[in-house]
Amino acid sequence: MITVTDITSAYGRKQILRGVSFTAQRGECIGIVGANGCGKSTLLSVLAGTLKPSTGQVLYYGRTAWSDTDGGRMRCEREVIRKMTGYVPQENPLIPELSVYDNLRLWYPDKKILRQELEQGFLHLLGIGEFCRKQVSKLSGGMKKRVSIGIAMAGMPPVILMDEPSAALDLLCKEDIRRYLQVYLERKGTVVITTHEESELALCDKLYVMKNGQLGQVDRGLRGEALTARM
Amino acid sequence: MKYRICYLYMEIRKTFRIMPRMALQAVLLMTVMGLVVAVGAGSMKSDPLAVSVDIAVAVEEDNVMTRMALRYVENMESVSRFCHFQQVTKEEGSRMLEKGQVAAVILLPEQLVEGIMNGTNPAVTICFPKNAGLETMLFRELTRAGEGLLRVAQAQIYGAGDTAAKYGLSESISQMEAEIDSYNLAFALDRLALFETEDVSVFGSLSVIQFYLASGIVLFLLLAGMALYPIVQREPAAFGRQMERQGVGMIWQCFCQWFCGLLCMGLLTAMVWAVITTALGFMPDSLVWQLFPGYPEGASVGLRIGIAALMLITVTTFLYMLYSLAGSRTGGVLFIFLLSVVMVYLSGGLVPSVFLPKLMQAAGEWLPTTYLIRAAGAFVTGRGETLGGQCLAVLCLYTAVCGAAACYMRCRIRGDA
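Top line first, the protein sequences correspond to chains C and L.
For the first sequence, the working numbering gives the first residue as 1, with consecutive numbering after it.
For the second sequence, the working numbering gives the first residue as 1001, with consecutive numbering after it.
Simulated from the structure, these hints should not be mistaken for lab results.
Careful, some of the hints might be misleading.
As the list claims (entries may be wrong) - Per the computed footprint, the stretches of chain C lying under chain L, defined by three or more beta-carbons under 8 Å from a beta-carbon of chain L, are: (1) 12–23; (2) 47–61; (3) 88–96.
Beta carbons: idealized from backbone N, C-alpha and C, even for Gly.
All chains should be built: construct the whole structure from the sequences, respecting the hints.
Structure, rendered in structure tokens:
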């Protein structure tokens, strides 16, 4: 369960998020769409704990991640965020000079667990085992994205935050990612995803449009020009 | 904590993966610098004075005494370095002077030595060409100096003779003259014997070879940093943020990268040092001692390791700051190359700073390369006193300031992203 209440955020004087609130249940997929620069990535950064909001509150399964203190400063519970969320940013958080296995080791410090995941866990499902020994700089965009998702899945967090995971990928990769998301949702994971892909939007239980830093819920079946008109 | 250790471990793994490529680049750099040094050493071996003055000597009466006197003058230390005498006839001498083949013609009169001995002092005529060149001017100055020397010697002998005669000691005159001659020969003609020699060099307490070796070490370390980019580059912002989520803060990330940079520079230096040590084994002892006094005595080994560590820490931190400032690989490499050469030049590493304009000298005093060259000098000589407390303090200060600036820039850029 995710409860986001009245989140605001600003870069200098520019207000990016203005009182963003929404909730997501266990096993739900929340889709966020909006024009470029409207604040989608900022919202996900706040939820992932990499950006401090100005005000508001974020709860994961009833545990506080961000909250206002009495002094007006934001308090972050990093351990809660780390344990409860996995984050797939737009850029891949990988060291190009290292192998896929070495990169995964950063997020799976326990070798046994990593081996298990590669053999029969989510990493196996992502097909990472096949190119595990390859150097990251020699991977295709789709392979890198799969590794990024695998990294976000370290420790199997109950919430996954995905920032346009299919951007600049071919159709086959997009379909793969959609399939992984479906499996994750079937396992009762919660997904918050920013996307423009119809295949991913089809997975969403709730659809939000972000405009001028504000979030508005729309019909989940809304597509094409009708959706664009709301942005 | 385990994530922090894991991150450090992975950065070290990355360093070792990149090492072979860096080692190759270091070998290439060393080869280029070695060639430059070899060419420089070759030019230093040749006579530093390119001026050679050809003098024609026309002897009107060729006798043993005149030839002895001429040989004596030829072998005087100040003359023998510049002048090359050749005995000719008066006509030949004039012809050679007209053609510009000689810088001057000396005409030695008859009974020259006898005249000097009996006090008639026949004049020696020296002919210079109309359009005197550098060689002629040089010889003229030498002649004037010699003339002054002879005047003093004559004044001594006449003064002693007249005084002895006045006080009725005429029988002692020959003995006194002999003693005055011996003093003149011992001291006046060998002028250096009168003084204690003290070498004052623009290179300080270092020899020319040691000085250029020291500045070469600093330049090598800085230029080797051009290959350091893959290790100390800024990781993608997304990676930094993800690591922060795992509890690996930016300061620790900076430290790990800096540490790996230091490790890499240390290994490269050790490799180069191993090559040099092997090469020293094949060199004659005299040359080895000229380069590294005291080598391979154990007393200075600890000091040298300490100085090397300090230099490596300072250089790595400085390079880390430059890469933080530059951002991209191309920018960083260009930045390091230009800055290194300019800084070493301003610090007097290429041309001694006393020959630079005052403004450049003043600027050089503020640069870390100035103190790095001093430290490298102490490394080469194995003498700690040439390093000095001030140099040590400045290097530590530079390290702290560069480190803090690099961390600040990386944290700020991460924050902006």
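How the hints compare with the structure:
Counting residues of the stretch 12–23 of chain C whose CB lies closer than 8 Å to any CB of chain L gives 0, which falls below the minimum of 3, so the coverage claim is violated. Evaluation of the coverage hint for the stretch 47–61 of chain C: fulfilled, as 3 residues show C-beta separations to chain L shorter than 8 Å, against a requirement of three. Given as covered by chain L, the stretch 88–96 of chain C passes the check, having 7 residues with a CB less than 8 Å from a CB of that chain where 3 are the minimum.
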